[in-house]
Amino acid sequence: NAGVTQTPKFQVLKTGQSMTLQCAQDMNHEYMSWYRQDPGMGLRLIHYSVGAGITDQGEVPNGYNVSRSTTEDFPLRLLSAAPSQTSVYFCASSYSGTDSGANVLTFGAGSRLTVL
Amino acid sequence: GESVGLHLPTLSVQEGDNSIINCAYSNSASDYFIWYKQESGKGPQFIIDIRSNMDKRQGQRVTVLLNKTVKHLSLQIAATQPGDSAVYFCAEIHLTGKLIFGQGTTLQVKP
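Protein chains in written order, with my numbering: chain A, 1 to 116; chain B, 1 to 111.
Do not rely on the hints blindly, as some may be mistaken.
Computed cross-link-like contacts, DSS-like style, restricted to lysine-lysine with a CA-CA straight-line distance of at most 27 Å [claimed, not checked]:
id: 1; chain 1: B; residue 1: Lys42; chain 2: A; residue 2: Lys14
id: 2; chain 1: B; residue 1: Lys71; chain 2: B; residue 2: Lys56
id: 3; chain 1: B; residue 1: Lys110; chain 2: B; residue 2: Lys37
id: 4; chain 1: B; residue 1: Lys68; chain 2: B; residue 2: Lys42
id: 5; chain 1: B; residue 1: Lys110; chain 2: B; residue 2: Lys42
id: 6; chain 1: B; residue 1: Lys37; chain 2: B; residue 2: Lys98
id: 7; chain 1: B; residue 1: Lys98; chain 2: B; residue 2: Lys42
id: 8; chain 1: A; residue 1: Lys9; chain 2: B; residue 2: Lys68
id: 9; chain 1: B; residue 1: Lys37; chain 2: A; residue 2: Lys9
Calculated directly from the structure, the hints in this document are not laboratory data.
Go ahead and model the full structure; you've got the sequences and the hints to work with.
Put into structure tokens, the structure is as follows:
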């Protein structure tokens with residue numbers, strides 16, 4: 001299993017440009033999520049999905065869109081990039097269940113985005 | 001308010017010594033705690049977890065202690081090695097399922 005795969009690893013955008021960060025997992029996890037990580041702010045939840053066709057907002061959703069057309073993929077879209085979106089983005093997934101293991105997120109390696 | 005925080009942003013230890021990384025949480029409506037390790041340029045990785053009905057859990061070279069009375073969580077790493085150098089996060093999961101990450105403590109291992 002590859003786990004959680006994110007692409008690209010690095011991206012530089014100009015203000016106003018759009019782009020999509022890709023996330024794919026091969027563990028058949030129902031739950032997928034996107035976090036951003038900024039110095040001094042820790043990991044903050046952007047959007048999440050509990051299954052195909054279902055998405056919901058997290059703590060900092062403004063400026064980002066997501067969709068979940070398949071169980072495997074959960075892309076994050078920036079429609080009009082702003083310098084405040086310069087960050088490291090992590091995709092994470094977990095299986096759904098009532099046991100404690102269902103809360104353990106598997107993270108991707110991250111995508112470092114710079115918006116000029 | 002809700003917060004999960006670590007006491008020290010940076011901890012420096014000598015190789016071979018034991019490390020103790022602390023985490024304080026403010027919300028007692030929590031069911032489950034996780035420690036993650038994040039190496040430079042990588043995503044966080046699961047280390048060990050503990051449920052709120054336990055006060056200690058041991059893994060390979062790591063032990064997590066939970067003190068619900070003072071809302072304190074700690075991660076102990078025995079015989080710290082250079083490969084242990086990383087940022088360590090605690091995460092708290094409420095009964096509602098909400099997950100909150102702490103800020104992180106950077107562990108530096110001196111040779």
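Cross-check of the supplied hints:
1. Lys42/B to Lys14/A: 25 Å, holds
2. Lys71/B to Lys56/B: 14 Å, holds
3. Lys110/B to Lys37/B: 18 Å, holds
4. Lys68/B to Lys42/B: 31 Å, violated
5. Lys110/B to Lys42/B: 21 Å, holds
6. Lys37/B to Lys98/B: Between Lys37/B and Lys98/B the Cα gap is close to 20 Å, so the pair holds against 27 Å.
7. Lys98/B to Lys42/B: Cα-Cα ~24 Å, so holds.
8. Lys9/A to Lys68/B: 40 Å, violated
9. Lys37/B to Lys9/A: 20 Å, holds
Hint check: violations occur at hints 4, 8; the rest are consistent with the structure.
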